Amino acid sequence: MVRPDPFGFATRQAEELVRDDLGIRRLEDIDPSAIAKGRDIEVHRMPDAYAGVSGMLIKDKDNFHIAYNTFIKSVGFQRFSVGHELGHYFLEGHIDELLPFGQDRHISEAGFVSENRFEREADHFAAGLLMPEFLFRPAMAKAGEGLDAIEALSKQCATSLTATAIRYQELTDEAVAVIQSAGNRIEYCCMSARMLELKPGRWPRKGDLLPSGTGAAYLHTLPKRISDNERIDRETLAADWFRSLKDVELFEETIGMGNYGRTLTIITTVDALRDDNDGDDDQLWSRSIRR
Amino acid sequence: MDKSSALKPSDMFPERLKFAREMRKMNQEQLAEAAKLQSSAISHFETGKRKPSFDNLKKLADALGVTTDYLLGRTTNPEGHGAPSDPLYRDFQKLDQDGRDVARRVIRQFLPKDDD
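Chains as they are written, first to last, in our numbering: chain A, 673 to 963; chain B, 1418 to 1533.
None of these hints come from the bench; they were simulated from the model.
Computed from a predicted structure; not experimentally measured.
C-beta atoms are modelled at their ideal positions from N, C-alpha and C, and glycine is treated no differently.
Be careful, since some hints might not be right.
Stated by the list, open to error - Heads up, incomplete: computed chain B residues facing chain A, CB under 10 Å, no partners named:
no., residue
1, Glu1439
2, Lys1442
3, Pro1469
4, Thr1485
5, Leu1489
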């Protein structure tokens, strides 16, 4: 099943920039600040930590500046912020959304903005810029599976675990779900095309309580477990997370994301792996017992 | 203000782009080459089929020797500027006072002080 991605064009535009305009051939060579400087855009750290603004694109006459915040002490988060602002710079149509044409008018228009389409486009641009498919897919093939793969790719791309996990589930051929949680509630859940083919029914939504007995629920019982980057891997019953998958075995890997205060859970299906492995029991076994 | 009757910042761009190109006595292909854009892009911009990005806007302004604000209709002077600086944070108007202060400090700290 192919899911239409309304923001895929933004991802592809960033990928074309990396591949065709810049001629970059290694993930490690992607530097959003250098890409900005190549367009004569000056990049600055914001002078104050302010959680309400992760980044900003500034037009000063014919010069452009990007300022990014450092309130989250993560190079990956900061690189993504610069990539996001580059999205506003490179994507068509963003002039009308971003450029005030007189303060009164802008205030008036703000009330009509019912969804953050332009922010999501810029996010997709940033993901394509930092993790272009033509480089990310080969890296995925070498990185292994599940959370271990995502951690390795996160280091290679200098991207946050969350951003890497989302990109991973977009491009993987496996059945994978990515769940981020804060407190004891789910912030979001996204799933690979293969996972959706399993028809998981109603899946975890923003604001849902974490299912009891899951690794994520366990880590959230003590904040220290999250700040210490504690990790818990376990096999679980699908019904814990997905109502329609009662008979499907799941493999669940959850890690505390330090000062970010969230947990990231990667869910894969053992059944799906068994289909993929086509009887390769050694590989399935090794996956089931690790950690 | 009624949204439906409001001009968008890029609404004047097609007309200004064509006017500036003809002022410089360039055809669409010449401008495309000078701005390092596909030749079809100029036609699409001038007919309003495509809206420019800031990157397109900057390349075209540089190639034509006019300002970005002129191409956006924010000034009638081809070498003029409509505003000293614009924080292009989409929800700038929605920020609380602390957020706006941060944005303004960023601008004050990093941008040139001249106000021509």
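Against the structure, the hints come out as follows:
1. Glu1439: violated (21 Å)
2. Lys1442: With a minimum Cβ separation of about 22 Å from chain A (threshold 10 Å), the hint on B:Lys1442 is violated.
3. Pro1469: holds (6 Å)
4. Thr1485: holds (5 Å)
5. Leu1489: Cβ of B:Leu1489 sits 7 Å from chain A, so the hint holds.
Checked against the numbered hints above, the structure breaks hints 1 and 2 and satisfies the rest.
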